[in-house]
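Q: Take a look at the letters that make up each chain.
Number of protein chains: 2
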Amino acid sequence: MINHVLALAGGVGGAKLALGLMHVLPAKSLTVVVNTGDDEEFHGLHVSPDVDTLMYTMAGLNSEAGWGLAGETFNLLEMLKNYGAPTWFNLGDKDFATHIERTRLLREGLSLSEVTRRLCDKLGVQANVVPMSDQTVRTVAETVEGDLAFQDYFVRRQCEPVIRGVRFEGAQQARMSSGFHAALQTAQALVFCPSNPVVSIGPILAVPGVREAFQGFGGPRIAVSPIIGDHALKGPAAKMFRELGEEVSCVGVARRLKGICDVLVIDVQDAHRTDDVRAVGLEAVTTNTIMETEKDKKDLAQKVLHIAEKRLSN
Amino acid sequence: MINHVLALAGGVGGAKLALGLMHVLPAKSLTVVVNTGDDEEFHGLHVSPDVDTLMYTMAGLNSEAGWGLAGETFNLLEMLKNYGAPTWFNLGDKDFATHIERTRLLREGLSLSEVTRRLCDKLGVQANVVPMSDQTVRTVAETVEGDLAFQDYFVRRQCEPVIRGVRFEGAQQARMSSGFHAALQTAQALVFCPSNPVVSIGPILAVPGVREAFQGFGGPRIAVSPIIGDHALKGPAAKMFRELGEEVSCVGVARRLKGICDVLVIDVQDAHRTDDVRAVGLEAVTTNTIMETEKDKKDLAQKVLHIAEKRLSN
Chain P
1 MINHVLALAG
11 GVGGAKLALG
21 LMHVLPAKSL
31 TVVVNTGDDE
41 EFHGLHVSPD
51 VDTLMYTMAG
61 LNSEAGWGLA
71 GETFNLLEML
81 KNYGAPTWFN
91 LGDKDFATHI
101 ERTRLLREGL
111 SLSEVTRRLC
121 DKLGVQANVV
131 PMSDQTVRTV
141 AETVEGDLAF
151 QDYFVRRQCE
161 PVIRGVRFEG
171 AQQARMSSGF
181 HAALQTAQAL
191 VFCPSNPVVS
201 IGPILAVPGV
211 REAFQGFGGP
221 RIAVSPIIGD
231 HALKGPAAKM
241 FRELGEEVSC
251 VGVARRLKGI
261 CDVLVIDVQD
271 AHRTDDVRAV
281 GLEAVTTNTI
291 METEKDKKDL
301 AQKVLHIAEK
311 RLSN
Chain G
1 MINHVLALAG
11 GVGGAKLALG
21 LMHVLPAKSL
31 TVVVNTGDDE
41 EFHGLHVSPD
51 VDTLMYTMAG
61 LNSEAGWGLA
71 GETFNLLEML
81 KNYGAPTWFN
91 LGDKDFATHI
101 ERTRLLREGL
111 SLSEVTRRLC
121 DKLGVQANVV
131 PMSDQTVRTV
141 AETVEGDLAF
151 QDYFVRRQCE
161 PVIRGVRFEG
171 AQQARMSSGF
181 HAALQTAQAL
191 VFCPSNPVVS
201 IGPILAVPGV
211 REAFQGFGGP
221 RIAVSPIIGD
231 HALKGPAAKM
241 FRELGEEVSC
251 VGVARRLKGI
261 CDVLVIDVQD
271 AHRTDDVRAV
281 GLEAVTTNTI
291 METEKDKKDL
301 AQKVLHIAEK
311 RLSN
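Chains as they are written, first to last, in our numbering: chain P, 1 to 314; chain G, 1 to 314.
The following block holds chain P by itself, in its conformation from the complex (with noise of 0.2 Å):
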C-alpha cells in the first residue's frame, strides 16, 4: 500500500492527473510539486499560474478550460484597461483575490511555500501542493525574434515565435523548497504528471539537486507522456520539441526523462512505439490517458499506481 506519491506538475493536464491521484490516494497522501517558473507580477501582484491551476483543481473550483476559477467575471480587468494597464493576461475578479492575498502574504515576509498552504489549506484542499523553489526562477523562452519572458511568449504571443531554446533564470541560485526536500525523503513513488517537458517539467528539473535526486529516487519513477501521437492535448509542447530539434512523440519525452524515469505510460495511439521506448531505456506501459471526465482522472492514477505497487512488490 502506497501512502505518499511525490507528483510533478505544470499546468492543466499534470493538474488533471493529480487529481485523479489525490481522489484514489488516501487523504494527505499526495506530495504535487509544482512549476513556478512561469510566475509573474502583474499590476503589482504575484501571480503564480500553474499554482493556482493545480490549487483550484485540488479544490474543485477549476474553470472548464482548467486554468483560472470556474463562474468567472472579469470586470476588474475592464477596470484595469481604462487605467491604461495592460491587461493581455487574462485574471478573473475572484482569481484576483488570490493574487491580492498571495501578493499581501508575501509582502508580510510568508514564503511562497507558506502562502501555498495557506491558501490551500483555506480551499480545502486535501493535497500537499508545494512550489519547486520559494526563490525566484522566470523561464524565458529564447525566440527567434529575442528573449521572452514566458507569459510574454505563451498569453500574448500565443506561443507564436519559433523558440531556439529556454533557459531558466535564477534556478543555478534557487533551492528545493522544504516541502519539496521532504517529500523526496518520504515518497514511496515519483510521478511525473502529463506536462509540457520543457517548460513545466523543465525548471523544475533545473533547480539544483532536483536532477541528481531524481536519479537517486529509491522508489519507482513513473511518468505520463503528454504527448500523444505527435501532438500534445493541450499546450505548446509538440510546437515547441519540433522547434528544438526533437521528436514529437512520447519517444521524444521517453528520451527526455532517461535516467530520471523508470516507466513511461503512453497512450494505447501508441502502442505501436512501445519497442522505441524501451530502447530508449523506460519501461514503456500502455493504457488510455486522455483524461476527459473525472473516471478517466482516477483510472489513468490507479493505473500509475498499480504500476509503482507491481514494481515496490517486486
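Just so you know, these hints were derived from the structure itself, not from any lab.
For glycine and all other residues, C-beta sits at the position ideal for the given N, C-alpha and C.
Treat the hints with caution; some may be incorrect.
Restraint ranges, calculated between C-beta atoms of paired labels, are given here [as the list claims (entries may be wrong)]:
1) P:Gly109 with G:Ala70: 34 to 44 Å
2) P:Gln158 with G:Gly124: 24 to 34 Å
3) G:Ala70 with P:Lys258: 56 to 66 Å
We have chain P already, so just place chain G on it with the hints.
A: Frame of chain P; chain G shown alone:
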C-alpha cells in the same frame, strides 16, 4: 468671471456639490482638495475612499449610493472571504482595479497626488482632484469603547460607539500637497462643500498651515451646511456633533467655520436660523441645498458662484 475655485470635500455630499461646480465652471477651473484621513490599507492595497468618491463622481461613474462604482459586482471580495480575509469593508470588483493600480504606482514611488492625477486623467475627470496631503494622516475616533481607526468606526461599527473626540494621527508631520498649496495661491474663491465638518473637513484643517491659509485667504469663502434642521442628509455628522456637545444645526456648523469662512449657505428649512448664523459672525444665505438631481447640483453650485462673484465685485 471666476475662473478658479478651490473646493474642499470629503464624502458623498461634498462630491455632489463638487460635481455641480465642475459643470458650471469652465473646464479645469475647479480644484477639489479631498480628505485623506479616512484612507486605509485593505488586503495590502491603499484605499482612499474620499478621493475615489470624488474621482468616480466627477467621472460620472459613481453608483446611486454615491460611493463606489455603478454596476459593481463583488466576486473578488467573496473569494477573499474564502481565504479568511476580513471583508466588512465593501469593495467592488471594478473598485479593486483602482486600489490595485494606486498601490502599484505608490510602490513605484509616485506620490498620492501624482497617482490621483494619473487615475483622474485616465477617467477623463475635468477637474483637478487633489489629496489634502501626500503624507499619511489617519483619523481616529476616540470612543467610549476606546480608540477606533476611522473605517473601523465608520463602516465596521456603523458609527455606533459614542465618540468623545477625534484626532488626526500624523497630521502634525503632514504637509499640504503641492496642488493644494498652488490652488490656495491662484483660486479666487474657497468653497466648503457640504461634507462632515468633523471627519471630512476636520482632517484638512488639521494639516499645518491650512487653517492659517484659510484665515488669510483673499477671496470669498463660502460653505454649504451639511446639516439641515437637526440632522445630516447623509452620514454621522449630526450624531457626532451631538456626542461632542456641539449644537446639531447649521449654527453648530457656523461655529466650526468661524474665522475661516465668510458665508454659510443654509437650507430653506433653516431660514429661521439666519440671525443665529449671523450672530456667530458668518453671513447666511438661504436656498435649497438638497441635491437630488443633476439640476439641483448645478443650481446650488451656481448659487455659490453667484455669492462669490457678488462679493468679488463689491
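Q: Each hint needs a verdict: does it hold in this structure or not?
A: How the hints compare with the structure:
1. Between Gly109 (chain P) and Ala70 (chain G) the beta carbons are some 38 Å apart, a value that agrees with the proposed interval 34 to 44 Å.
2. One distance hint, 24 to 34 Å for the beta-carbon pair Gln158 (chain P) and Gly124 (chain G), holds here, with the actual separation near 32 Å.
3. Checked against the given bound of 56 to 66 Å, the beta carbons of Ala70 (chain G) and Lys258 (chain P), roughly 60 Å apart, stay inside it.
The structure meets every hint from the earlier list without exception.
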